[in-house]
Amino acid sequence: MAYDASREKQIDFGKVAKNQRGDYIKVQRIVPLDSNRLQSIDVRNMYTATDGNIYPARQGGVRLNSELVVEVMKLMYKAMSSEERLDFQNEISEIDNEEDDLDYGEYTEQGDD
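Note that the working numbering has the sequence shown beginning at 1, numbered continuously upward.
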């Protein structure tokens, strides 16, 4: 059965190229329309098909509800080398220093990429 995204907003934050073949890692914030459900962060493997469109890959990804995000990020940080930590800290500083920190990206429907 196909995933039903009609009961949520999917806010794209961007994608990172994994290789030269057109594989990506895509990051979205998922905001349920039902206020009783938790928001989440979705990290998904994507691929570029022969038609040029980007689709979710079979190996999928992970969706973390808002209660788990900080703990998982903390463990990822612990797993980083010293150099990766410095790079990460620099990137976070740049994000924190941006003037328009309330911009949550562009709303997209499932499958727009």
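Honestly, the hints are just simulated from the structure, not real lab data. Honestly, I wouldn't trust all of these hints.
Using 20 Å as the maximum straight-line C-alpha spacing, the simulated EDC-like pairs for lysine to aspartate or glutamate come out as follows [what the hints assert, rightly or not]: (1) K15 to D87; (2) K18 to E67; (3) K9 to D42; (4) K74 to D51.
Here the structure is a predicted model, which means the values were calculated and not measured.
Evaluated hints:
Proximity of K15 to D87 is assessed by CA-CA distance (about 18 Å); at most 20 Å being required, the pair is judged to hold. For the hint pairing K18 with E67, the CA-to-CA distance comes to about 28 Å; that exceeds 20 Å, so the pair is violated. With a CA separation close to 12 Å, the supplied pair K9 and D42 stays within the 20 Å bound. Only pairs whose Cα atoms come within 20 Å are accepted, and K74 paired with D51 is rejected, the gap being roughly 39 Å.
In summary, the structure is inconsistent with hints 2 and 4 from the numbered list given earlier, while agreeing with the others.
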